[in-house]
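K.L.:
Sequence order for the protein chains is S and F.
Sequential numbering of the first sequence, starting at 1, is according to the working numbering.
Sequential numbering of the second sequence, starting at 1, is according to the working numbering.
Because the hints were derived from the structure by calculation, they are not lab data.
Since the structure is predicted, the reported quantities are computational estimates derived from the model, not experimental observations.
Be aware that a few hints might be false.
Only pairs whose alpha carbons sit at most 35 Å apart, straight line, appear in this in silico DSBU-like list of lysine-lysine [what the hints assert, rightly or not]:
id : chain 1 : residue 1 : chain 2 : residue 2
1  : F       : K180      : S       : K180
2  : F       : K187      : S       : K187
3  : F       : K242      : F       : K187
4  : F       : K242      : S       : K187
5  : F       : K180      : F       : K242
6  : S       : K242      : S       : K180
7  : S       : K187      : S       : K242
8  : S       : K180      : F       : K187
Here are some, though not all, of the chain S residues that point toward chain F, as calculated from beta-carbon distances under 10 Å [said to hold, decoys possible]:
id : residue
9  : V42
10 : T103
11 : Q255
Covered stretches of chain S (chain F as the covering partner; in silico rule of three or more C-beta atoms under 8 Å from a C-beta of chain F) [claimed, not checked]:
id : stretch
12 : 44-57
13 : 202-210
Where is the CB? At the ideal position from N, CA and C, for every residue including glycine.
2 protein chains.
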Amino acid sequence: MSGHDSSSEAPAAEDEGGRRRTAAEEARTLVSSVAVGYLATVGEEGDPWCSLVVYGPNAAGDPVLLVSTMAEHGRNLVRDPRASLAINDPSAPGDPLDRPRITLAGRVTQPAGEAAEAALDAHVAAVPGARLYAGWDDFGLWVLEVQRVRWVGGFARMDSVSREDYRAAEPDPTTPVAAKVVALLNKDHAEGLLAIARELAGARGAVSAVCTGIDRYGIDLSCTGAGQSAAARVEFDWPLAKAADVRPATVELAQRARAIQSGGS
Amino acid sequence: MSGHDSSSEAPAAEDEGGRRRTAAEEARTLVSSVAVGYLATVGEEGDPWCSLVVYGPNAAGDPVLLVSTMAEHGRNLVRDPRASLAINDPSAPGDPLDRPRITLAGRVTQPAGEAAEAALDAHVAAVPGARLYAGWDDFGLWVLEVQRVRWVGGFARMDSVSREDYRAAEPDPTTPVAAKVVALLNKDHAEGLLAIARELAGARGAVSAVCTGIDRYGIDLSCTGAGQSAAARVEFDWPLAKAADVRPATVELAQRARAIQSGGS
Numbered sequence: 001m002s003g004h005d006s007s008s009e010a011p012a013a014e015d016e017g018g019r020r021r022t023a024a025e026e027a028r029t030l031v032s033s034v035a036v037g038y039l040a041t042v043g044e045e046g047d048p049w050c051s052l053v054v055y056g057p058n059a060a061g062d063p064v065l066l067v068s069t070m071a072e073h074g075r076n077l078v079r080d081p082r083a084s085l086a087i088n089d090p091s092a093p094g095d096p097l098d099r100p101r102i103t104l105a106g107r108v109t110q111p112a113g114e115a116a117e118a119a120l121d122a123h124v125a126a127v128p129g130a131r132l133y134a135g136w137d138d139f140g141l142w143v144l145e146v147q148r149v150r151w152v153g154g155f156a157r158m159d160s161v162s163r164e165d166y167r168a169a170e171p172d173p174t175t176p177v178a179a180k181v182v183a184l185l186n187k188d189h190a191e192g193l194l195a196i197a198r199e200l201a202g203a204r205g206a207v208s209a210v211c212t213g214i215d216r217y218g219i220d221l222s223c224t225g226a227g228q229s230a231a232a233r234v235e236f237d238w239p240l241a242k243a244a245d246v247r248p249a250t251v252e253l254a255q256r257a258r259a260i261q262s263g264g265s
Numbered sequence: 001m002s003g004h005d006s007s008s009e010a011p012a013a014e015d016e017g018g019r020r021r022t023a024a025e026e027a028r029t030l031v032s033s034v035a036v037g038y039l040a041t042v043g044e045e046g047d048p049w050c051s052l053v054v055y056g057p058n059a060a061g062d063p064v065l066l067v068s069t070m071a072e073h074g075r076n077l078v079r080d081p082r083a084s085l086a087i088n089d090p091s092a093p094g095d096p097l098d099r100p101r102i103t104l105a106g107r108v109t110q111p112a113g114e115a116a117e118a119a120l121d122a123h124v125a126a127v128p129g130a131r132l133y134a135g136w137d138d139f140g141l142w143v144l145e146v147q148r149v150r151w152v153g154g155f156a157r158m159d160s161v162s163r164e165d166y167r168a169a170e171p172d173p174t175t176p177v178a179a180k181v182v183a184l185l186n187k188d189h190a191e192g193l194l195a196i197a198r199e200l201a202g203a204r205g206a207v208s209a210v211c212t213g214i215d216r217y218g219i220d221l222s223c224t225g226a227g228q229s230a231a232a233r234v235e236f237d238w239p240l241a242k243a244a245d246v247r248p249a250t251v252e253l254a255q256r257a258r259a260i261q262s263g264g265s
C-alpha cells in the first residue's frame, strides 16, 4: 500500500467520489419511498393553494392522486390542471432545509378505462386505505404528469431534472432496507467497517468508521482518526438489483478488505 | 352520584363536550408549534409551485419567511405576492390524512425599517440559524399577511377561519409541555386519571383511564371498562394562562376527584 506511517495520519480518504445516484434517481427514489406530499393548485382567481395529499407513483413515477371535490384542491384541479407536488423525506433528521426533497410540476389528467384501473392500483399500493373511498361519488383519480423536477439533496446540493430523465430513471431498490442495514452494520460490524475504510476507501489513518448511508451503488462512511473525521465512499462491484443484495454486497466488501489486511501492508 | 351499579356498566361518559379550542386557536397554536411548512407560489405563467420553507410567526400569527431569490419560490414572490402556506403537525402519529393541519392564504409584503427588525426577530425566534444568512444580498424578508385559514383537525373535523378571528386568537400556551405531561400522567398517575374519569367525567364504569391530550381548557381521556372504550373530557376550572399551570391544574383535578371518591358514592 502507500507505505505512509498510518499511526499519526488523519483519515482523509483518497477517493470520496465514486458512482452516486443521479438527481433523477434521487427523485424517483424519494417519490417511491414516501406517500405524502403537499400539492399546489390554482384557485378561482389564479391564487395558489397548498394542501396535504397522499399519492402513489405509477410505473413512470407520475404520482396518482385520489381527491374529493369536497376539498378545495379537488375543485381547483377540475378547473385548472396545473399542479405541483412537493415531497420531502420526513425520516431524515436535523435541519429541514438540509433534508432531501423534490418538487414535481406538471398537469393532472383523469385516467379512463384500463388506465384508471392501473392508476387506482398504483395509488392503493401506497395508500391501502384508499380502496375504501375510491368508489365514492365525490372522489376522482388524477395522474400528475410530471413535466419538470427540482431536486434538493441538502444544503447547496440541487439539480433540475427533465421529464425524460425522470421517466427513464429507476427508484433505488435498496432504499426500503438501507436504514436497517446501516444500523446493523454500526451495531455489530465495527471492525468490518474499519477494514473497509482503511483498505478500500484509502482512509489509512482511520481508527474507527461509521456507516452513514447505503444505496445501490455503494456505501458512505464517516472515518475518524487523529482527532479528525472525513467522509469516504466505497462502491459495490456492480449496482445492486434488489433489496436482498445489500447484505451479501456489504459482506463481500468486508471480506475483500480483510483479505487485503491479512495480505499485509 | 348516579346510584347505578357501576361494576357492569360500560364507561360511556356523561359529558364528552366541554370547552375546546376554536378552529382559530387550533390554527394559531399549530403555526406557533411548527417552523416548517410548504409554500405555494405563482410561477411565471401562472402555474403553481410548491416548495419547503421555514418560518416564524409574528405577534399576529402572520408567518415571516426569509427566502433567497436563488430559489424559485423567492423569484415567484417578487413577481406575484399571492401565496399559501400549508403546515401540519408532524409529531401526530398515524394516517397523515387524520393529522391536524392548516393552510394559510394571503399575500406577502416586504417589511421595512422597524417592521423589518421585528419580522426578522420573529423569524429567528423560530429558526435560530437564519441569523447567519439574514444579511446576505439574495435573501429577503417576507410577511405572509393571512387573509383566510382552512383548518383540518382530522377526518371530518374542519373549519374555515376569517382573518379577524385568526388574528384575535391566541396560541395555546400549554402546547409546548402538553405531550410531556400526558406521558408523565400515563406513566405515574394511573389512579389519579381513573379517579378523574370516574368522578369528574362521569365514566362511572371505567376500570382504567388513559390521558390522550391536554390543552389550556382541559384534558381528554380514553376510559375503558366492561370491554368497551369511550372518550371523555374534563375541563379545568379556568383556561390556563401558561405552560407552568398544567401540572398544578392536573393535580387539582385528581385531588378533587379523590375528595369526591372518599366522600363516598
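K.L.:
It remains to establish, for every hint, whether it holds in the given structure.
P.N.:
Taking the hints in turn, this is what the structure says about them:
no. : hint              : verdict
1   : K180(F) / K180(S) : 29 Å, holds
2   : K187(F) / K187(S) : 30 Å, holds
3   : K242(F) / K187(F) : 23 Å, holds
4   : K242(F) / K187(S) : 43 Å, violated
5   : K180(F) / K242(F) : 15 Å, holds
6   : K242(S) / K180(S) : 15 Å, holds
7   : K187(S) / K242(S) : 23 Å, holds
8   : K180(S) / K187(F) : 30 Å, holds
9   : V42               : 5 Å, holds
10  : T103              : 5 Å, holds
11  : Q255              : 41 Å, violated
12  : 44-57             : holds (count 8)
13  : 202-210           : violated (count 0)
Going through the hint list in order, the structure does not satisfy hints 4, 11 and 13.
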